[in-house]
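**Q** Could you build all of it, start to finish, from the sequences and the hints given here?
Number of protein chains: 2
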Amino acid sequence: MRAAPLTYRSEEVRTVAVIGCGLIGGAWAAYFLSRGLDVRAYDPLPDGEARLAAVVKDALADLETVGGAQFGQGELSYFVDMAGAVAGADYVQENAPEKIALKQDLLQAIDALAPADVVIGSSTSSFPASDLQAKCAQPQRVVVAHPFNPPHLVPLVEIVRGGLTDPQAQDAAYRFFERIGKAPVRVAKEAVGHLANRMSAALWREAVHIVAEGIASVEDVDRAIRFGPGLRWAIDGPHMLYHLGGGEGGIDAYLRHLGPAQEARWATLGAPTLDADTCGKLIAGVAEEADGRSIGELKARRDRLMIAVLKALAADESGDR
Amino acid sequence: MRAAPLTYRSEEVRTVAVIGCGLIGGAWAAYFLSRGLDVRAYDPLPDGEARLAAVVKDALADLETVGGAQFGQGELSYFVDMAGAVAGADYVQENAPEKIALKQDLLQAIDALAPADVVIGSSTSSFPASDLQAKCAQPQRVVVAHPFNPPHLVPLVEIVRGGLTDPQAQDAAYRFFERIGKAPVRVAKEAVGHLANRMSAALWREAVHIVAEGIASVEDVDRAIRFGPGLRWAIDGPHMLYHLGGGEGGIDAYLRHLGPAQEARWATLGAPTLDADTCGKLIAGVAEEADGRSIGELKARRDRLMIAVLKALAADESGDR
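Protein sequence lines correspond, in order, to chains X and D. Residue numbers for the first sequence follow the UniProt record's numbering, beginning at 1 and rising by one. Residue numbers for the second sequence follow the UniProt record's numbering, beginning at 1 and rising by one.
Check the hints yourself; a few may be wrong.
Note that the list lumps identical chains together, so a pair holds whenever it fits in one copy or between two copies.
As the list claims (entries may be wrong) - Below, in silico cross-link-like pairs of lysine-lysine (BS3-like), each with a Cα-Cα straight-line distance of 30 Å or less:
| id | residue 1 | residue 2 |
| --- | --- | --- |
| 1 | Lys281 | Lys182 |
| 2 | Lys99 | Lys135 |
| 3 | Lys281 | Lys311 |
| 4 | Lys311 | Lys57 |
It is worth saying that the hints were derived from the structure and are not from the lab. Please read these numbers as outputs of a predicted model, since none were measured by experiment.
**A** What follows is the structure, given as structure tokens:
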């Protein structure tokens with residue numbers, strides 16, 4: 001491992017390299033551009049540039065709608081060689097397919113090209129930073145910077161450090177994403193699914209259990225979330241909501257008075273398996289809920305409503321969102 | 001058990017009895033009034049009427065803001081005897097404190113007063129309908145009709161039937177709440193926490209695990225939800241989101257390709273206990289996140305933002321929310 005630099009670029013990032021330009025990379029490119037950053041993009045596919053242009057165009061239109069494009073748009077350059085894209089970049093975002101060997105080799109190559117004070121972030125949803133950085137000569141500046149679909153709209157970016165990551169590199173990535181209007185979080189220890197996908201998996205496990213046990217239908221389970229606690233989770237996380245559930249005494253009172261009841265409830269939660277019977281119930285139930293709407297229609301609806309929600313939250317005058 | 005009637009009042013409900021007029025009962029009263037229903041309210045406390053008036057006034061102002069008060073307001077009458085409140089009511093909503101003996105006796109008394117075709121719903125969050133209906137002569141028309149805080153704003157109402165409930169009474173309650181603009185769901189089998197609180201408990205259990213294990217801070221866990229999947233859960237439930245996560249093949253493809261990975265992730269989820277160490281971390285973490293804001297300030301913020309989100313969703317022109 002080569003020596004870590006004294007500082008990593010963060011406040012001074014003006015140019016970002018986007019390596020891998022599918023839906024994720026393209027959405028990232030659009031977001032960076034909307035924040036006035038220049039983007040240098042690379043993709044190995046022959047039609048990479050055209051695909052990127054299409055994704056960027058749609059994503060920029062979404063960003064215009066939510067008022068996230070007021071910074072003067074940056075300049076997009078496309079490169080057919082990776083070295084060209086990485087040259088001059090102050091930060092690198094890698095968005096290759098979820099194949100560990102491919103990502104390790106790619107990150108090794110990026111690491112060999114980028115100056116030592118450039119942080120390299122991976123969009124991976126499934127691999128620990130420790131595995132990703134394994135082949136790098138300067139693994140200390142490699143982090144996971146995991147976005148959520150669609151990445152140009154959802155503010156969350158999970159910044160995970162691996163065993164060889166310099167905490168200062170994680171901090172630099174955190175401050176960079178914070179400065180450009182994202183909502184970064186720090187993950188201090190690697191865990192399967194980082195934070196949000198772990199909690200989503202926990203929620204879904206119980207949702208599957210409820211359907212498998214015949215307690216409620218797929219559609220009613222989904223309605224119970226989106227017309228109920230889902231409305232609160234767009235505003236407050238689970239810990240804060242239990243704080244508000246404790247009355248004037250807050251979480252302290254909640255834990256004292258209702259902690260044992262909560263532990264008893266936890267003990268009744270299910271641990272379903274995705275066997276043929278349960279999968280059949282889920283597939284049939286979702287088909288009923290979708291009621292003939294295609295994946296494309298459902299996604300368009302989700303993104304349209306998410307833009308409406310983000311606009312409404314952004315318009316809150318207190319700035320206390 | 002007396003014979004069940006052929007039909008229960010649903011479409012024809014014009015007058016609702018609200019029994020117990022604290023924060024929950026008051027919010028219910030306001031909601032019914034905003035939908036043009038007359039409300040007959042009863043509370044045993046000497047200052048019940050003044051407390052109710054205050055809660056109703058604030059809740060009606062909220063409903064005005066979200067555009068839910070366009071039906072011509074119903075008339076509110078307050079009674080110091082329960083018989084007066086139940087007389088002439090087409091539906092009864094019970095909102096007494098969460099004490100089983102108290103609720104059983106109260107429901108027995110309501111049951112003795114109300115005509116056989118009037119459905120009686122309990123706002124309970126913790127008791128099964130089977131326990132609540134135990135002392136009633138006509139248990140077949142007793143259901144749980146569980147709202148979410150604040151009940152005048154959150155659309156979800158969980159309609160649970162007990163072992164002695166007539167499915168037709170559950171249907172009548174479902175159709176009544178649907179008609180007045182709520183989002184009812186049917187719970188076919190009793191389960192601790194009904195649907196939404198079970199799934200909230202599952203989410204929180206993993207949120208507690210992440211803090212207990214030092215993977216991330218309380219505040220970062222909350223940010224990971226509200227800036228991430230929380231935004232989607234206001235729009236789609238968990239099953240639909242995994243359908244959208246499966247690409248063009250939907251949930252079917254998701255289960256085939258990623259089902260095993262999901263089961264592997266489930267196997268890594270935590271099962272924390274609320275011991276002194278973990279409670280200490282949660283309390284300290286929430287205090288840091290609250291950053292000096294009082295419970296009242298945090299609640300006002302939540303309700304203000306929830307109104308903004310509900311308005312944004314209601315304004316969607318497609319009606320496909």
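**Q** Each hint needs a verdict: does it hold in this structure or not?
**A** Here's how the hints hold up against the structure:
1. Lys281 with Lys182: Intra 38 Å, inter 26 Å, cutoff 30 Å: inter-copy only.
2. Lys99 with Lys135: Close inside one copy (15 Å), not across copies (62 Å); limit 30 Å.
3. Lys281 with Lys311: neither (36 Å within a copy, 34 Å between copies)
4. Lys311 with Lys57: Close inside one copy (20 Å) and across copies (29 Å); limit 30 Å.
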